[in-house]
Structures are given as C-alpha cells and as structure tokens.
Amino acid sequence: MQRMRRRLPLLFGLLAVALVAMACGAEAALPPQQPAATPCVSNCPPLVGYSSPMKLLSTDHFSFYYSSPPWSVDSQDSSSATLLHDSDYGTISAQFFAVSVRSGTSADALLSSWTRQNLDSSQFAGLQDEGPVNGAEIGYVRGAGEQYAAVVNQPNAPNVPIYIQIMASTQGTSGIVFAAVSPLDPNKPDPTNPRQVRSNAYDQLVNSLSWL
Amino acid sequence: MICPHCGNETPEGHYCGYCGARLTASANRNPARRGSAYAANPHQSVYQPDVISTFFPHLNPARTRLFGWILAGLAVVIFALGFARFVPISTVLAALLVPLLYLAYFYVVQVYEDEPAWVLGATFLIGAILGLVATLLLYRSVISGQSIFVRPKPSHVLLVGVGVPLLAQALMLVGPLILFFARRQRFNDMLDGLTFGVASGLGYAAAESIVYSWLLITGLAPALGDPSSLALRTIPLALLKPLLYAGTTGLICAALWLRFDRTPPTREMSALTSLPVALIAAILGMIIPALGVTLYGGQWLNILWYAIPLLGIILLLRQVLHVGLIDKARSVGHGGTITCPHCHQTVADLPFCSNCGIAMRSISKRARVPVTAGAPAETATDRTSADTIPNTTQPDTTDTTPPPDQPTEGHDAENA
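Protein chains in written order, with our numbering: chain S, 145 to 356; chain G, 2 to 417.
The hints are simulated quantities; they were obtained by calculation from the structure and are not laboratory data.
It is possible that part of the hints are untrue.
[Unchecked claim] Label-pair distances were calculated between CB atoms; the ranges are:
1. S:Ser212 x G:Leu159: 20 to 28 angstroms
2. S:Asp347 x G:Val151: 19 to 27 angstroms
3. G:Leu159 x S:Asp347: 31 to 39 angstroms
4. G:Ile284 x S:Asp232: 28 to 36 angstroms
5. S:Asp232 x G:Ile309: 44 to 52 angstroms
6. S:Asp347 x G:Arg141: 38 to 46 angstroms
7. G:Ser142 x S:Ser256: 35 to 43 angstroms
8. G:Val163 x S:Gly248: 50 to 58 angstroms
9. S:Ser256 x G:Val163: 36 to 44 angstroms
10. S:Ser256 x G:Leu225: 45 to 53 angstroms
11. S:Arg260 x G:Phe261: 56 to 64 angstroms
12. G:Ala73 x S:Asp252: 22 to 30 angstroms
13. S:Arg286 x G:Ala85: 51 to 59 angstroms
[What the hints assert, rightly or not] Okay, the calculated bits of chain G under chain S, using three or more residues with CB under 8 angstroms as the criterion:
14. 2-15
15. 136-143
[To be verified] Computed list of chain G residues with no C-beta within reach of chain S, every gap over 12 angstroms:
16. Arg34
17. Gly74
18. Ala81
19. Ile304
20. Leu316
In this text the structure is predicted, and so the values were computed from the model without any measurement.
Here a beta-carbon is modelled for each residue, glycine too, at the ideal position from N, C-alpha and C.
Pulled out of the complex, with its shape left as it was, chain S reads as follows (with noise of 0.2 angstroms):
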C-alpha cells in the first residue's frame, strides 16, 4: 500500500505531462484541412437555395424574403428582424436593424459605429478583425462589410469559434445593418453536411431586400 501511494502521484504526474504535451503538439500533428470536393473552381454560378417556400417578412423600413424551413423568425419589430436557423455546432442568427443617420452618412461610418455599439468583445475570447467582407451590399445597394472571429467563452459550455458578419449600406438618411453569428467556418465550407448553412444563403436574405 505504501508502494501504491508512492506511485499515485508519479502516475497522475505523467498523466498530466502527457496532457501537456498533446496541446503542445496537438495543433502540428493534426491532419491537414483538405478543400472541399467540388466540381466548380472558379466564377461558379450560385448554389442552388433552399428549395422549401419563400416567406415574406415586411417591417416599416424594410421587407425580405426567407426560406422557412431551415430559417425561423426570432422576433421581430417596426424597424428590426432576427431569424434563426439550428445547427449541429449552434444557432446560427441572421439579423437586420433600420437605422437613421444623417444625410450623406457613408456604409462604412454606419458599420463602424454600429460594431462599435454593439459588437461587446468581453463576451467572446480572442476576438479578432478578419478583414472586410467583399461586394457588400444590401437589397443591392452598395455598402461595407466587416467579418470577425471569436470563441464563445462561457465556462459552462463548449469553447466553441464563431464567425461573425457585419454589413451596413446606406440611402439617404436610411440605412440597415446586417449581422449574422454562425458557429460554421464560412472559409471552411462542408456542402456534403446538409445542416450546414449554404454559402448562399446569406446572399439570398440580403438580395431579396426591398428599401421601403
């Protein structure tokens, strides 16, 4: 027993070294990411949407068009829409906000006040700017996008990463931000898993925007 009590620590102590040592080497010795099969490389034509029916949604500044399922409505107001679409990895959350600003206000001065409002980085870890989102626009009005990442940091959960977009356009003194949250890699598309959000299916929210 003596013998026993001697070796308990000796074996948690290499347990825990050996711990240390996969997250040390977890990251090099991990397979690498291969792209995903498909047959178009370049300038390929949209996927094909969802095929369930398009719903309407109509607030006093905008109205859209969504595919129900997989999208539902969280909630909505006068001058703001959420939709949610479950996932494997999370919620996914799509969200548009009307907003006033002053005439002549740029895409890119309302994107960057609206993240800074409301874009709280003490709710994720490790939040960090991606770079701008290319061709941004929204209801085909040109505007400005900004991408983030981050992990959700909740000690009673998964650390899960997320991917945060950002668009804004402007028209007068009119302007809508778009912000959706997904927990899926949009670098790192899977379209043989059927639960995950096509990669158009943001564009199909955002093209189908009528200004009213």
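Using the hints provided, position chain G relative to the given structure of chain S.
Then chain G, alone, in the frame of chain S:
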C-alpha cells in the same frame, strides 16, 4: 483547571482541551463557539474565506502559506501563458491546477497514513470519468442551443442553467456516496467526507473543462485577438470552477458525514450545518453561476458569477467544519503528550490543543506523534525547516501565567 463550558478538568492554557472553548480573553462574543479561531487553523477567523485552510484543512500554518503561494503563483503563470496566447497549454494547466495541488496535499500530509491511497484516487477517477461521460453525452445538446446577439431559448436556459448543473452535482456525489455506504465504518469522520467530496468535485471539474475546451486545446478554434480575453478565461477555469465544484460536493459530504456522526454533540448544533441547508446551498451554488453566464455572460461577469457563490460556499463550508470539529469533539490520540504541529508546544493529547486551540482531528495522523520521555519537543514530530514558525505570541502551556493583556477571568470578560 475546570472548564466553565464543559465542566471537564483541562490543562492550563488558552483553550479547553476537551471542548475547545476559549478560556482566556479574546474578541469572541461566544467563547465556546470561538468564531475568531477557526478550529482547523486557529490563526484564522471562521469568517475568513481562505481557500487553503478550507479545502486543505490538514495543513499546518507554514504549509498553508506555502500552498497558498503555490496556488497563486501557478495561477499567475497560467494567466501569463494565456496572455502570451499559449492557449492550449494554459487551458490544460488551468484544468489540472487545483486537482494536482490537491494530490500534492494528499501526498504531503498523508491524510490516511497507512490506509489505502486508492480510495481517494478512485473517488477522483469516478468523478473524472462520470464528468467525462456526462459532458461528452451532453456536448451536442448544450452546443446546439448556444446563441449570440439573441436571447437563448428557454429550453436551452433550462438545460444549461438548471439541468446540467443538477446532473453534475448528482454525479459528483456518486463516488463519495459509494464510500459512505460501503466504508463508513472506516471513514467515519466529517473530514473524510470533505476529502472525498472535494476529490470527486475536482475530478469532475477537470474532465468537464477539458472536454469543453477541446477545440481550443487541439487548436481547432482560433485563438487570436485580444490577449487579455484569452488570459481572463483561465481564471474561472483554473480557480473558480474547480473550487466551486469541490466546495459544493465537499459541503454536502461534510454535512452528510456530520449528520451520521455518532458522537453526541456537546451543544445544540447550528442549523447552518444541517444536511438540507448544505444541499440547498450546493444546488444554488451550482445553478446561479450557470444561469448567470448563460443569461448575462461576459468575461468579467463570468468571473463574478462564479466568485460570489464560491465565496458563500467557502464560508458555509468553514462553518460546517468548524462546528463539526468543535461540537462533535472527540479524542483521536493516545492520551499522552504531543507536540502540537500547529503551535509546536508540548500539550496533552486531547481533542484540542490547550495552547492554540486547534482541533486535533484536523491534524493528520502522521503528525500526531507522541512525545517520548526525555526527548526534546522540537524533535518529536517530523517537523521540517519549512514548518518552523516563530511562536512569539503563544506562551508555553507550562507557563500558566496569562499574557499581560489577557485577564485571568477572560471568558467572563468576553461574556460581558
């Protein structure tokens, strides 16, 4: 002298060797309860939320300080590693910090001396395995309801904020309860219950933290951005969550063992030490942080959500341990004289040291070595240089003259 509280004839000193009541003047309003002198470490108040003397009650003062410094030092190292963006290693170290320290504590004080170490190891492993299985099984359900920028669904709040914490608490009790029903004849002390509960809670917390952080440990989740946010997340992981889980489970187990302790209490025990109170406090201690971070989370808020219930659990746990040690005092020694490992004075081997008031049950058996005739007191224990503490305030028990600032009728003065 005759103790005015229990009526036993006790050696001269500051405390009754039989009931632990304070016999000389102090700030205590109730010298029998002696709230300013925690039974497992009389240098501290019962109301001092000291982590080490609560979860590691068998340590002497020098080692209490040493373990405190080790815990704080390693927590700072882990924080710094997180700040330097060594996220995988800081996460693993954070998950294992307190469990490894507890193992070191168990080894240093040899709580069970020649009794099987596998008992504690098995309790830890049962907690860890159950934590691993439960967290893996619930992983998909918990993750699928997570939402950012929108309020979480009520079903998700109920699952993550209530269901999972309650299940975790139940599973953390499995290992200690097996020992309670199977080996209570051998492990019949309240401090045994505390030890098993803490070990099981730490095992569960370590497994849960590693599973929940797996994407960060393996590098599959991005770990860039603000380094302070990466460092801040190690605080709940390294300190708050393991201590909370250990505290709630240790509290229930200590109260359970105390409830079935056959030693007749010397006085009516406080309701705060009852098993229902411990159960309610532990359940609240598990649910409040889970609900808080789910509904109103944030880097700093998460720390607060865990720290406040942990503070309450530590204070209640100290109350249970203190009352249990005082009110269910019993002799565990050999009846001769002993060098008190706490104050290093040679005292009668009674339930309490008559000089410093420590409950002898809180001293490991290894340290309870009788003083042999003619041997100097300093060599009677396996005291090391690290144990040496200057004892300038505690007079030798052979000197029955009270210190100048302490009147002879101290307890009367306190009662007044």
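Enumerate the violated hints, using their earlier numbering and listing them in ascending order.
-> 5, 6, 10, 12, 13, 14 and 19
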